[in-house]
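**Q** Given the sequences, and given the hints that come with them, work out the whole structure.
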Amino acid sequence: MSARRPYRELTPASLVTGALVGLVLNMGICYAGLQIGFTIVGSAVAAVLGFGLLRGLLRRGSILEVNVFQTVASAVNTVNAGIIFTVPVLFLLGLEERIHYPALVLASVAGSLLGVVLIIPLRKQIIEFERLRFPEGTAVAAILKAPGAGIEKARLLVGGIVISAVVSALTKSWGGGEADPVLPEALDLGPLLHLPAGFSAVFALSLLSLGAGYLAGRPGLVVLYGTILNYWVLVPAALALGWVPTAWADFGLFSHDYARGAEFLDAFSHFTSRHVGIGMILGGAVAGILVALPALKAALASLRGEGDGRREEVSMGVLTGATGVGLLLVFLAARWSGGGAVSWGTAAVMTLAGGIWLWLAGLVVAQTTGRTDWSPLSGLALIAIAIMMGILGNGEEAVVPAVTMGAAICVATSMCADMMADLKTGYLVGSLPVKQQIAQIATCWIGPAVSVLTVILLWRAYAFGPDQAAVLYGRRLAAAGLEQEYRAAVAAGRGEAFVAAHQADFGRPEVRPAGTPELGAPQAGALMSAIRIVQGGEVPLGKYLTGAVIGILVSLLVSPGMGVMVGLSMYLPFEYMVVFGLGGILNILVGRWRGARFAEDQGVPIAAGLIVGDALVGVVHALVKVSASLL
Numbered sequence: 010m011s012a013r014r015p016y017r018e019l020t021p022a023s024l025v026t027g028a029l030v031g032l033v034l035n036m037g038i039c040y041a042g043l044q045i046g047f048t049i050v051g052s053a054v055a056a057v058l059g060f061g062l063l064r065g066l067l068r069r070g071s072i073l074e075v076n077v078f079q080t081v082a083s084a085v086n087t088v089n090a091g092i093i094f095t096v097p098v099l100f101l102l103g104l105e106e107r108i109h110y111p112a113l114v115l116a117s118v119a120g121s122l123l124g125v126v127l128i129i130p131l132r133k134q135i136i137e138f139e140r141l142r143f144p145e146g147t148a149v150a151a152i153l154k155a156p157g158a159g160i161e162k163a164r165l166l167v168g169g170i171v172i173s174a175v176v177s178a179l180t181k182s183w184g185g186g187e188a189d190p191v192l193p194e195a196l197d198l199g200p201l202l203h204l205p206a207g208f209s210a211v212f213a214l215s216l217l218s219l220g221a222g223y224l225a226g227r228p229g230l231v232v233l234y235g236t237i238l239n240y241w242v243l244v245p246a247a248l249a250l251g252w253v254p255t256a257w258a259d260f261g262l263f264s265h266d267y268a269r270g271a272e273f274l275d276a277f278s279h280f281t282s283r284h285v286g287i288g289m290i291l292g293g294a295v296a297g298i299l300v301a302l303p304a305l306k307a308a309l310a311s312l313r314g315e316g317d318g319r320r321e322e323v324s325m326g327v328l329t330g331a332t333g334v335g336l337l338l339v340f341l342a343a344r345w346s347g348g349g350a351v352s353w354g355t356a357a358v359m360t361l362a363g364g365i366w367l368w369l370a371g372l373v374v375a376q377t378t379g380r381t382d383w384s385p386l387s388g389l390a391l392i393a394i395a396i397m398m399g400i401l402g403n404g405e406e407a408v409v410p411a412v413t414m415g416a417a418i419c420v421a422t423s424m425c426a427d428m429m430a431d432l433k434t435g436y437l438v439g440s441l442p443v444k445q446q447i448a449q450i451a452t453c454w455i456g457p458a459v460s461v462l463t464v465i466l467l468w469r470a471y472a473f474g475p476d477q478a479a480v481l482y483g484r485r486l487a488a489a490g491l492e493q494e495y496r497a498a499v500a501a502g503r504g505e506a507f508v509a510a511h512q513a514d515f516g517r518p519e520v521r522p523a524g525t526p527e528l529g530a531p532q533a534g535a536l537m538s539a540i541r542i543v544q545g546g547e548v549p550l551g552k553y554l555t556g557a558v559i560g561i562l563v564s565l566l567v568s569p570g571m572g573v574m575v576g577l578s579m580y581l582p583f584e585y586m587v588v589f590g591l592g593g594i595l596n597i598l599v600g601r602w603r604g605a606r607f608a609e610d611q612g613v614p615i616a617a618g619l620i621v622g623d624a625l626v627g628v629v630h631a632l633v634k635v636s637a638s639l640l
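The working numbering applies: residue 10 is where the sequence shown begins, and numbers increase by one.
Here are the simulated distance ranges between beta carbons:
| id | residue 1 | residue 2 | range |
| --- | --- | --- | --- |
| 1 | ALA513 | LEU550 | 51 to 57 Å |
| 2 | SER324 | GLY168 | 40 to 46 Å |
| 3 | THR332 | ASP189 | 50 to 56 Å |
| 4 | GLY326 | GLY168 | 43 to 49 Å |
| 5 | VAL171 | VAL567 | 36 to 42 Å |
| 6 | ILE597 | VAL334 | 45 to 51 Å |
| 7 | GLY399 | ALA249 | 33 to 39 Å |
| 8 | LEU361 | ALA509 | 52 to 58 Å |
| 9 | GLY326 | PHE138 | 20 to 26 Å |
| 10 | ALA249 | LEU550 | 24 to 30 Å |
Below, in silico cross-link-like pairs of lysine to aspartate or glutamate (EDC-like), each with a Cα-Cα straight-line distance of 16 Å or less:
| id | residue 1 | residue 2 |
| --- | --- | --- |
| 11 | LYS181 | GLU194 |
| 12 | LYS154 | GLU609 |
| 13 | LYS154 | ASP610 |
None of these hints come from the bench; they were simulated from the model. Being a predicted model, the structure only gives us computed values, none of them experimental. Cβ atoms here follow ideal geometry from the backbone N, Cα and C, with glycine treated the same way.
**A** Following this line, the structure appears as structure tokens:
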């Protein structure tokens with residue numbers, strides 16, 4: 010008999026309560042994500058709520074049962090990132106009437122299922138063989154183990170949470186209007202040190218980044234090296250050698266125009282560094298597959314082994330069947346999403362290409378979140394949509410099926426990251442992987458359906474996007490039968506006169522009605538611009554391929570995983586990556602000063618607390634902002 014059997018783990022209580030909490034988090038953070046432009050990873054929050062519900066309110070729940078609770082809750086919540094980045098763009102492009110909603114939900118659910126089952130075979134390789142840290146997963150494990158790991162570690166964890174929460178709260182605006190926070194979100198040391206404006210010297214006041222870097226340890230220094238190489242070597246070199254667009258030809262290397270310098274660094278990042286960085290991440294992931302082939306074969310072989318009552322993984326037969334079901338659903342969604350414009354053959358090609366890219370993108374996010382807790386989800390989604398539009402063409406009729414498939418892939422990649430982080434947590438607390446895998450497979454359909462429905466409801470209730478006020482103004486005119494008259498007035502140059510004449514009844518197109526929440530949907534707005542670039546045939550394939558070649562060479566010739574780490578440091582902002590690198594340095598210094606045991610036993614709980622405290626405040630702040638906008 011297994012020694013694990015007496016412990017409650019996969020129970021109806023953990024599944025039902027986890028799904029309900031995840032559903033609430035999903036809707037709230039989906040709403041907030043459309044407003045503030047980013048989402049919050051729910052694992053740490055779910056772990057805290059799990060203790061409160063299962064062990065506090067219900068007076069039950071082992072650590073393993075709470076772990077299943079947070080696994081389900083975070084899985085139901087996490088997929089909203091994949092939805093709010095992709096689906097809203099269809100509304101912003103004015104394609105609402107072309108959306109095939111059942112196909113959209115079906116594709117998202119299929120992506121969630123595929124994200125879970127395709128990443129499971131890599132668990133042993135990534136968690137047990139490579140032993141990637143997964144800072145978020147490690148932090149959640151510290152929360153789960155704190156009550157039973159001794160009062161000292163619990164105090165350290167709580168101390169880290171409090172410190173991080175206070176600092177994070179002070180960097181946010183909690184009042185109405187445009188009230189300034191007590192502390193800035195980032196410190197720009199460039200003017201203070203009189204550095205040239207072409208050298209980035211902005212440091213985020215982010216204890217989350219510092220804690221994640223500490224948990225990553227020495228391997229996290231690679232991110233720091235890549236960040237320095239990109240922003241302190243490549244950018245100045247590009248300026249000195251004139252390798253910049255014409256618009257920046259007059260911006261010298263030693264200029265002290267810091268406002269223009271910030272604009273240049275942002276432009277360089279978006280049009281050069283990010284593309285090369287994504288290419289390096291992809292190339293590094295491919296190289297990682299090549300290097301890990303023997304271990305992957307062993308991991309797959311273990312899935313085919315006979316069960317002995319203590320099977321650790323879902324069987325290969327179940328994974329194969331679930332993969333087949335997921336691909337079939339994707340195929341049907343691809344066929345239906347175009348309203349008859351997508352042939353059966355084209356749908357098959359889309360499914361094949363999407364499945365291959367989905368698996369590769371899933372591996373990428375599993376590697377990047379395992380090493381740094383960040384993932385290039387937006388870049389991978391853009392590539393997915395570009396691939397689909399390459400198959401379908403660049404016409405308007407291609408956008409809806411391309412974004413539908415892009416949503417499936419984006420949901421799948423976000424699920425890959427969440428699944429692997431949760432399995433890392435389970436590995437650290439002694440959970441049986443198969444229990445978590447069953448829980449995720451059983452509940453993976455909930456999150457996508459809730460997220461899609463939430464986006465639809467928000468659009469119909471409030472609209473969203475950079476032109477939210479104008480959309481609502483148009484709706485008010487349409488309800489009164491005046492929309493065509495307004496359009497004619499605008500075309501004739503009499504738009505302002507029309508607005509002034511009807512202002513008492515309909516307001517103005519640039520002003521939201523009182524009580525309407527501001528939902529800017531910045532990520533979807535960025536994707537809309539990217540789709541227009543793809544339609545114009547301006548995809549920077551050369552930069553992606555250059556980065557991919559560099560990533561493969563660095564990973565094969567220097568160290569496996571190096572290409573992914575350096576690529577990630579080029580993709581993500583300097584201010585966060587440099588603080589992440591400083592966290593790795595702090596880990597090394599503490600180890601040398603007080604010993605490796607002290608750095609692990611004392612430092613890890615504090616670092617985990619820094620991550621959790623920031624995440625908790627992020628959720629609370631998002632809810633406060635959304636609530637205030639409704640009043």
